[in-house]
Amino acid sequence: MQVKEYKPLIVAFCCNWCSYAGADLAGNNRLSYPADVKIIRVPCSCRVNPMFVLRAFQRGADGVIICGCHPGDCHYTSGNYYTRRRMALLFSMLDYLGIERDRTRLEWVSAAEGAKFAATMNDFVEKVTALGENKRLEDLRCKK
Amino acid sequence: MNNRTETLIPKIGVITDVRIDTPDIKTFRVVTPDGVKPFIHRPGQCAMLSVPGVGEAMFSITSSPTNEEYMEFSIKKCGCVTDWLHQAEPGQQITIRGPYGKPFPVDDEFASKNLLFIAGGVGLAPLRSVINYCRHYRDRYGRIDIVYGSRSKDDLLDYREIIEEWSKDENVHVHLTIDREQEGWDGHVGFVPNYVKELGFDTDKTVILCGPPIMIKFTLDGLYALGFDKTQIYTTLEMRMKCGIGKCGRCNVGSRYICKDGPVFRFDELDELPDEY
Amino acid sequence: MQKITRDQLIEKAASLLGNGTVSCVLGWEKGEFDYDVTPALFETESELREKFVFGDFCGANLSKYLVSKTRKCEGRILVFLKPCDTYSFNQLLTEHRFDREKAYVVGIPCEGMADIERVKELCGDGISSVTADGDELVVTTLYDDEPVRVKAESVLAERCVNCKSKKHVAYDELIGEDGEVLSSARFDEVARLEAMTPDERFAFWQNELSKCIRCNACRNVCPACTCERCVFDNPSSGVENKAAANSFEEKMFHIIRAFHVAGRCTDCGECSRVCPQNIPLHLLNRKFIKDIDDFYGEYQAGAEVGSRAPLVNYTFDDLEPGEVFERGGQDA
Amino acid sequence: MRKCSLESIDRVFAAINADASLYLPVDGDDGKAVYTKWEDGVKWSGALNTVRSPKSFFFPQMEDLVQFRTEGKTIEVIDPRKESEDFVVFGVRACDAKSFEVLDRVFLVDPVDSYYASRREHGVIVTVACTRPVETCFCKTFGIDPAEPAGDVSVWKTDSELFWQSNTEKGEKLLEKLADLTEECTDEAVAAQKEKINSVMSRLPLADLKADAFGAGKTMKFFDAPEWDELSESCIACGTCTYVCPTCQCYDIKDFNTGNGVIRFRCWDSCMYSEFTKMSAGQPRLTQKERFRQRFMHKLVYYPEKNGGLFSCVGCGRCLSRCPISMNIVKVMKTIGGKADE
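Protein chains in written order, with numbering that gives the first Met the number 0: chain A, 0 to 143; chain B, 0 to 276; chain C, 0 to 331; chain D, 0 to 341.
Keep in mind that the hints are not guaranteed to be accurate.
[To be verified] Under the rule of at most 16 Å between Cα atoms (straight-line distance), these lysine to aspartate or glutamate pairs were calculated in the EDC-like manner: (1) Lys50(C) x Glu229(D); (2) Lys333(D) x Glu31(C); (3) Lys210(C) x Asp28(D); (4) Lys31(D) x Asp124(C); (5) Lys50(C) x Glu226(D); (6) Lys333(D) x Asp211(D); (7) Lys277(D) x Glu275(B); (8) Lys220(D) x Glu180(B); (9) Lys277(D) x Glu239(C); (10) Lys229(B) x Glu271(B); (11) Lys210(C) x Asp26(D); (12) Lys119(C) x Glu75(D); (13) Lys31(D) x Glu116(C); (14) Lys330(D) x Glu31(C); (15) Lys142(A) x Glu132(A); (16) Lys220(D) x Glu271(B); (17) Lys209(D) x Glu31(C); (18) Lys31(D) x Glu120(C); (19) Lys10(B) x Glu75(D); (20) Lys288(D) x Asp270(B); (21) Lys119(C) x Glu135(C); (22) Lys71(C) x Glu229(D); (23) Lys134(A) x Asp198(C); (24) Lys210(C) x Asp29(D); (25) Lys277(D) x Asp232(C); (26) Lys220(D) x Asp274(B); (27) Lys71(C) x Asp228(D); (28) Lys217(D) x Asp107(B); (29) Lys134(A) x Glu199(C).
Hint data in this document are derived by calculation from the structure and do not stem from the laboratory.
Build the full structure now, drawing on both the sequences and the hints.
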């Protein structure tokens, strides 16, 4: 019997103005990153509320990454500063509940950083792959 | 399958026809995947329709039990299930379970009586099955009067059927009214309660009343003024329901469960219930 | 044992009712037993004399009731607030949840409230009476002929053992002397959990949160949870579940609830007090408070009206979420 | 009647557990008893009762009713139920045993709720007479005798022995299985035990509470009582009372889209919640007073009216000790019922 290789499912919330364009650039430049990264475009990284992160896990994500403009570059002036505080607290809380740290990440990726986007995703996927399937924040009903 | 396993597990129904009645009411024709009527019901009973993932809701069966081919539901767009149904096209499958509730006493108390149906807006929907049942067994009943009103001509439900069939029946008298003057309407204009008073019915009738609460309230006052007694007037109630079998507790009013002990009530029975419906 | 008496409070309330300063009084009503106290609104002096109670079991924080009662009542409402309750009061004012002019706050000192569960642990069940005597509680039970005496401090509620402040941060009038902000050990338990391995932490919370029956008592009693409509009650949110189907939903409810009050939670401890399953919910809220203190500087919600909560604020050089974990603690 | 020594209890549990899962109250880490599956080493709790009632064995807080798979316009309906396994619930108190009768009259009347019925068929209830009732107990108010608990098997515990008596065919069968571990005995010790319990019962603070003022036909008498305003004044609209109550049985049916199908499940609901009766067309119970009133009227008037005078409260006292604001059925009965006598 052939053992199926474990491929994590990653949800990446990307800000419309920077990171989504960064992902686009990565694609244009033919920089490869795993196809298991599902990008969800959001108007600003601060649109991502903690519920989004948790529900991504519920629906089967093994890792959730949020990408936004670099601090100071937010299209809406200050959105990503709020994201930074929120996610710092949320990730810390998830850690407190015993959820693996490497399943969540916040990264700043500008529209010009296609290479950084691909590298970030590769690194993140690698870390999540090492952790294996998300067992601590899973909803069994959503597993096939 | 025995009856027990079927209480909360629905059957599949197929929407075979969608008729646009008014801007916000559509009538859906439903059969089983084999093309037959999902189940046998009595006039005034309800069925639980659902769209998996969207929700389940209780609707009156608007087609008459005498229709042996299919079931019809006239549904007003007003919530998530109804919104979804309004987008559905013929061929769409839904789920259906029932029949639920106590029917109108068409073969007992109504037998050989003169009947007066009073409806407002989508309130005609639950009465339509009774009206058509009584028309089918015409010789079992006396004179039939139907007072029906809506906001405008366009909002009159089953208008074509009313004009082409009901009005043409012998000894069936249809009185239509709309709330405001409208071009192309030469019938009566005014609210249902006032129209009932204007028409001034004799009290030798059994009344079946359904419509918005405010209409019911004023029509009742009018009927009492005309000399009608509570024991002569029937209505059908609406409450939030989930199970349809008198267990989930949602439609509990006093010692009654509307889904099981109702939805049809005589007004003297309602007097024993707290005013929470 | 409380330093002020029921009679002192009734006298105060009666005189304020009498001179027309207030039209009603928000206080505590005695129950069936000596310990089951119900928050209540009193309109007359005779009602107060008949039913009002104050003692070691008046833990209920009355500040949240001001949101609904100030809308309902004509005139001002006298509300008795213990020091910790005044923080909630300020926080509600900060969020414009009611009109300050409609409340007349009488600050009352608090020596810490007793937890009936602790009394039962020490004295056995079948409690027929509990009365205060000096710094002791005299407890009689159905099964002991002799009353049992316990030190009041030995049956204090957890939140009172770790009391953060005996200082009133809001009042119109004070009965007795005001206290000081205390340096409490309230974060010790959080630190103990942080020091555990992730597996231990996971096991701890999995066990605690699996007890949750989703009765919403923690949410409904919380002075910071005053949304007119909660996301967990909104059918179109997709999370309006009345029962937690599995451990995911148990966690989601409590993480989201704690997150929603993060930076606004005054650590009044009502959530843990009311939990029918004794889940230490305050440990979630305190984690956020501790993190906020660590990451963004000390902040006590409700300490002053109008202060900007940490989650609606930022600085240019805030900590990155990745750096949070570099600060210590254990990971798998 | 049969008896066994308290020391042999673990062997008895093992014997019961041999062919049916055994559940019994066990002290949790917070000192509160919880029904737990028995396995070697698990100790039966000496606590009077559990925080959560045993109703969840038959009416779980959450259960899947049906599953759907949709494809295009078509739907497939799947019954998710598997054959229930036999189980035994040990240590049920008289009040909770009575609650099953209250629930039966809802779920087992036509049309029968097959989910509940199947569990009832597969479950054996072993009750244990109370030895230490507490101040919140008022089962006597509803005619329940804690010394004479119902159930398939009744058990009395003395300082050194357990006495077993079967009340039903199911109970008979269970005792047959325990024949080697128990011995035939007279009921003298049990009679003495009953007397002891009854003497405690009369000393309880709520011993004199009467429900006579309530029951069928009292709807209009109490519905508009002005006291409801005051009683419901500080209710925080949580569901604690409902969820710890052994007789509350209202439920909600909801759909959950898993991404690869829809699960239709039911879960406990509470009439205390604001959207309980909310419809797209309106809301018949607009304020907390009306919802609060519904709960108590249902227990004390509506339910008895429908069920031959049987009250839908068994006096277990859980709501008395668990309500966040200490408002409960006893206070309601005293206030509303008391005023009616005047």
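Violated hints - listed by number, lowest first
8, 12, 20 and 28
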